[in-house]
Amino acid sequence: MSERWPSGRTTMAALNNRGTALKGLKRYGEALARYEEALVLSPRLADALYNSANL
Amino acid sequence: MRRHGDALVAYEGARAIAPDHPDADGLISAALAVCDWARTAPLTADLYARIEAGWPFTPFALLGLCDDPGAESQIAPPATPPTGYRRRLPGGTTTDMTAIRLAYLVWGHFGHGSWTAAWILVSNATDRGG
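Going down the list, the sequences are from chains A and B. Going by our numbering, the letters in the first sequence line up with residues 1 to 55, in that order. Going by our numbering, the letters in the second sequence line up with residues 1001 to 1130, in that order.
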């Protein structure tokens, strides 16, 4: 989870998906961190906002 | 994670961007969780319109918002199988769906699968119904 990813939409989606995967593993703190990273890159990424709210 | 305040802020931001998102009504549930009636009042009127348009909503959350039987009956059918219906199960048995309906309600009430609901479903599958 520590490697760097290139910037761009794929990165945001990947971070969001990682958050969802971590949520599925019940690693909620890490999931929230991934969602928040995605939102730093794209504050208007609705999926990440909803996902962070759902935690 | 019981981050109700953060959740409310995130839901409001998300709804401003994507109001038709499947999770949009999570704002109402989050507001209910902290008894924020000032937030729920305007959302309830909007929710009626969404239910009328066919949007799914959690029956138990709606019970905390209104006593309108019309709205309740409109969202209940998708959440529970109909009464008087017998479904054939693997092995040739049938069920009147009562236990499965109960399991659905338990499942919905806790917002996720539970051992109780799973036990009801499994025990129903072994019930020798007519």
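A hint or two may mislead.
Calculated pairs, EDC-like style, for lysine to aspartate or glutamate (alpha carbon to alpha carbon, straight line, at most 20 Å) [said to hold, decoys possible]:
id, chain 1, residue 1, chain 2, residue 2
1, A, Lys26, A, Glu37
2, A, Lys23, B, Asp1006
3, A, Lys23, B, Asp1023
4, A, Lys23, A, Glu37
5, A, Lys26, A, Glu36
6, A, Lys23, A, Glu36
These are computed hints drawn from the structure, not numbers from a lab.
Results for each hint:
no.: 1; hint: A:Lys26 / A:Glu37; result: holds, 18 Å
no.: 2; hint: A:Lys23 / B:Asp1006; result: holds, 17 Å
no.: 3; hint: A:Lys23 / B:Asp1023; result: holds, 16 Å
no.: 4; hint: A:Lys23 / A:Glu37; result: holds, 15 Å
no.: 5; hint: A:Lys26 / A:Glu36; result: holds, 17 Å
no.: 6; hint: A:Lys23 / A:Glu36; result: holds, 13 Å
No hint from the list above goes unmet by this structure.
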